[in-house]
Amino acid sequence: MAQLTLVQAVNEALREAMRRDERVMLLGEDIGANGGVFRATEGLMAEFGEDRVVDTPLAESGILGTAVGLAVNGMRPVPEIQFMGFIYPGFEQVVSHIARIRMRSRGRFAVPMVVRVPFGGRIRAPELHSESTETFFAHTPGLTVVAPSNPYDAKGLLLASIESNDPVIFLEPMRIYRAFREEVPEGYYTVPLREARVVQEGTDLTVIAWGTMLRETLDVVRKLEAEQGLSAEVIDLRTLSPWDEETVFASVNKTGRAVVVHEAVGHLGLGAEIAARISEACILQLEAPVVRISSFDVPPPPFSLEDWHAPTPERIASGIAEALSF
Amino acid sequence: MVKPAERVVQAAAASTGHEKPAGIPDALLVEMYRQMVLIRRFDRRCIGLQRAGRIGTYAPMEGQEACQVGVGLALRPQDFLFPTYRDSGAMMLHGMPMDKVLLFWNGRVEGYEIPEAVNVFPVAVPIATQLPHAAGAAWAAKLRGVDQVAVALFGDGASSEGDFHTAMNFAGVFHVPAVFVCQNNQYAISVPYRRQTASETIAQKAEAYGFEGIRIDGCDVIAVYRAVQAAIEKAAAGGGPTLVEALTYRYGAHTTSDDPTKYRKPEEVEEWRARDPIAKLGGQLREWGLWDDEAEEQLQQEVDSQVSTAIAAMESIEPVNPDDLFLHIYETPTPRLLKQRDALRAELAAKAQGGIAPWRS
Ligand SMILES: Cc1ncc(C[n+]2csc(CCOP(=O)(O)OP(=O)(O)O)c2C)c(N)n1
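Note that the protein sequences, when read in sequence, are chains A and B. So for the first sequence, the UniProt record's numbering puts the first residue at 1; every next one is plus one. So for the second sequence, the UniProt record's numbering puts the first residue at 1; every next one is plus one.
Rather than coming from a laboratory, the hints here were simulated on the basis of the structure. Among these hints, one or two may not hold up.
Said to hold, decoys possible - Partial chain B-side listing against chain A, Cβ under 7 Å, derived:
id, residue
1, GLY56
2, THR57
3, ARG108
4, PRO126
5, GLY162
6, ALA188
7, ILE189
8, SER190
9, ARG195
10, GLN196
11, LYS262
12, VAL320
13, ILE329
14, THR332
Stated by the list, open to error - If you want the ones that stay clear, here's a sample from chain A, every Cβ over 12 Å from chain B, calculated:
id, residue
15, MET1
16, GLY69
17, TYR189
18, GLU201
Glycine included, C-beta positions come from ideal geometry on N, C-alpha and C.
If we strip away everything but chain A, and leave its shape as in the complex, we get (with noise of 0.2 Å):
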């Protein structure tokens, strides 16, 4: 096995998928001979040629509208949005036709297609590069919305995306797509959607991220364990969208507590459609509200603000003491 980063890991996906099915191919900016900005597709073009990796025009529409027209016609296109601030002029594509194309042909009609989107900010780059706007993905029916927060998990998730016939919306968290290594398996595997993940069991209370943030919430947390004996269920949802609910309830329902940590805007969060449907459904075992910890209700700020406006380690720590203490 190799010790692989997490975009590494991506590659490894991408490549695994295109040796095993023909109609993979892959579209977008510079992702040819430039092999993508953060090297996602590095060394594809070069194994699978100009038809199958494809440079395209300056144009998310373009991009994700073509993408429609090849999916439904036979190929299973995997493009790639450069930036997450940057799928918006593509946005008409994903919401009007992606999302509903199942719904408006009664089933004639499927696109499997996975968009790739970096997402989420601290990486000190210039402004609009740095949202978390998966609400938006996740707000809309029909899509699958995808978070790895590990190597692991991003290869064996992008292949079970790439499998689908529903069009998943799959976003990569640059902030730790370079950040440390873990083993990834040779050759394909898949880890299954829409399956949250216990990444370790715990009594005192529940705690839900995904993404960049699911490591740096792991961190302050076993820092709690160690310094004040907490026990903390951490599940990294995966799947932002549908979200695997009966996992969550579960340990909701044995800790009676939980705190969601994400990196997205506190207003209409994700974190307020998990905290409103564990409140709905584990209200007689819920000892505490549950917690939001988000970034400020403002746009993502210029670098110099960045770590303000996401969760800190410190606001982590605090949301977690209020949901123990109340």
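Chain B with the ligand: place on chain A using the hints.
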């Protein structure tokens, strides 16, 4: 009808040669040169600052100085400029202070502040999105009967986005005083011009929108100045929009996070360097007796001190104020935003004491 490609040849012919161009005062010719030298120095210093970790990611413009300066000097003070991330040169010429531009690249909100009398729109980061804004601003000038032209800058890649089409179409239909200047620097990050369009030129696209398009030599500051100035004059006189395509090249990386050796050959860069806009005008000025070694030396010192002063201003700014996160979201902040601001203040106060503030959601 003159075909776009033939117009290119005509435009080029108008600006080359050894004759001093008619109708451009000597002082302006010298000013063009000075400004190009200044922004090149600024640009190189920015790359150095980024490497030293003193600013964040930066988008270099070396090679495109003739476009920046030709446009910047053609603008009248009342005209509105709609720039991208690569247009610091034109922005500064149109009144944006250099230290503000540096602060923008340094990730500070102060870099968003545009002085009241400066008609420069905030840098557009999403490609082509500024083009409809320019059409709209020009439309407003027409509706309000004010003598103002909106000038938008964009790259060849931008011509692929729907917003490019939309903006041109609106500008044509409403016959607005807008000038769209495409700096065709041959690449959109790594993707070459030929992957953006199957048409021969970008200029010819204007034909389809019902107005004039011209293609010019973007390495010739005089050609750029003349074309943009004429387009502004025409727009101001009610003649409608113009699309100007300037052929140029960026010598360096797309941004400081890009490695151009992955997608283009050094020989190609050298070919373009041989047409360098600064060397070209510098040579011409000497030929016309407007420039010499002494003037050059003095200029180099001047630009050096000007850029150093701006860098010092950028670096002497107060530390970041966390309250800035919550300002200008709405005209009047919401109670919830004020609570979040107070929570952050409490968090920082507690942290200063080595503690943790309670979480308030
Ligand atoms: C909508 C959108 N998609 C993608 C990007 C990422 N991106 C930034 S610059 C760039 C290339 C732009 O090329 P061009 O328009 O030719 O301008 P140039 O950078 O050459 O000046 C890309 C793809 C973006 N900023 N906005």
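Hint check:
| no. | hint | verdict |
| --- | --- | --- |
| 1 | GLY56 | holds (5 Å) |
| 2 | THR57 | holds (6 Å) |
| 3 | ARG108 | holds (5 Å) |
| 4 | PRO126 | holds (6 Å) |
| 5 | GLY162 | holds (5 Å) |
| 6 | ALA188 | holds (5 Å) |
| 7 | ILE189 | holds (5 Å) |
| 8 | SER190 | holds (4 Å) |
| 9 | ARG195 | holds (6 Å) |
| 10 | GLN196 | holds (5 Å) |
| 11 | LYS262 | holds (5 Å) |
| 12 | VAL320 | holds (5 Å) |
| 13 | ILE329 | holds (5 Å) |
| 14 | THR332 | violated (14 Å) |
| 15 | MET1 | holds (29 Å) |
| 16 | GLY69 | holds (16 Å) |
| 17 | TYR189 | holds (31 Å) |
| 18 | GLU201 | holds (24 Å) |
Against the hints set out earlier in the document, a violation occurs for number 14 only.
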